[in-house]
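Student: The lines below spell out each chain.
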Amino acid sequence: KAGVTQTPRYLIKTRGQQVTLSCSPISGHRSVSWYQQTPGQGLQFLFEYFSETQRNKGNFPGRFSGRQFSNSRSEMNVSTLELGDSALYLCASSLGDTSYEQYFGPGTRLTVT
Amino acid sequence: ILNVEQSPQSLHVQEGDSTNFTCSFPSSNFYALHWYRWETAKSPEALFVMTLNGDEKKKGRISATLNTKEGYSYLYIKGSQPEDSATYLCAFIGGSTLGRLYFGRGTQLTVWP
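Protein sequence lines correspond, in order, to chains A and B. Position in the first sequence (first residue = 1) + 7 = my numbering. Position in the second sequence (first residue = 1) + 1 = my numbering.
If we strip away everything but chain A, and leave its shape as in the complex, we get:
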C-alpha cells in the first residue's frame, strides 16, 4: 500500500507570496492532519480534515487555511508569507477511527526569503 505523499518536497518563496502544499493520504484513510515544525519547536498542529470537513484547528493565524477533497486529498494554503513561515510542513493521514494513529508523509520544506 502506498504511503502518504506530499508535493512539492522543497519550495522557495518570497515574503508576501502565497503557497499551496498538497497531500495525498494512504488509500482508505479519511482523515488528514497538517503540522508545522520550526527549529527548536515540536510539531505544531495546524488543522485536521475528515470527510472534507475541518474537524480540528490549531492556533495559527487565518493566513493558514486548508481543504480536503472528496478523494481525501488535502491542500494547505499559506497567504502573505512571512519569514517565520519557513518550516517543514508535515501531512499525516489516519483511518479516522478512534486510535487517531498518524501516518506521516515526507514533508515539504518551505523557505521564505
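Take every hint as true, because none was put in to throw you off.
Partial chain B-side listing against chain A, Cβ under 7 Å, derived:
1. P45
2. A47
3. V50
4. I94
5. G100
6. R101
7. F104
8. R106
Hints are computed from structural coordinates only; laboratory data are not their basis. Virtual Cβ for every residue (Gly too), placed ideally from N, Cα, C.
Given chain A's structure and the hints, the job is docking chain B onto it.
Tutor: Chain B only, in chain A's frame:
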C-alpha cells in the same frame, strides 16, 4: 495552553546500554498517548498508541508504560543499537479535542557503536 514535556532533550549512549525517556502530559481529560520515532531524513513512524492507565506496550527491544493519573509515560529501550538513533516523540490527545495531537519536542537519542 496544553503542555507536553519530554525529557531529556537529548541522550548519548553506547551500544548495548539500556535507556529510558519521559513524557509528561496533563492528567485530566486524557484520551490517548502516542509514541513516534523519527529518524533523520525519514517520516515519523508510530511506535505505540496507549489509551488505558497502566498500559504496557512492547515492540522488540522497545517498551512503554502509561500512568494517566499522574500524567506521565516512559519509553524504554533495552540494549540500544545504532539503528535506534532517532528522535522519539510523544503526543497527547485530550478527550475534548479528539483528533488534535499535542506533541512534545522530542528526545534525540544517539547510540554510539
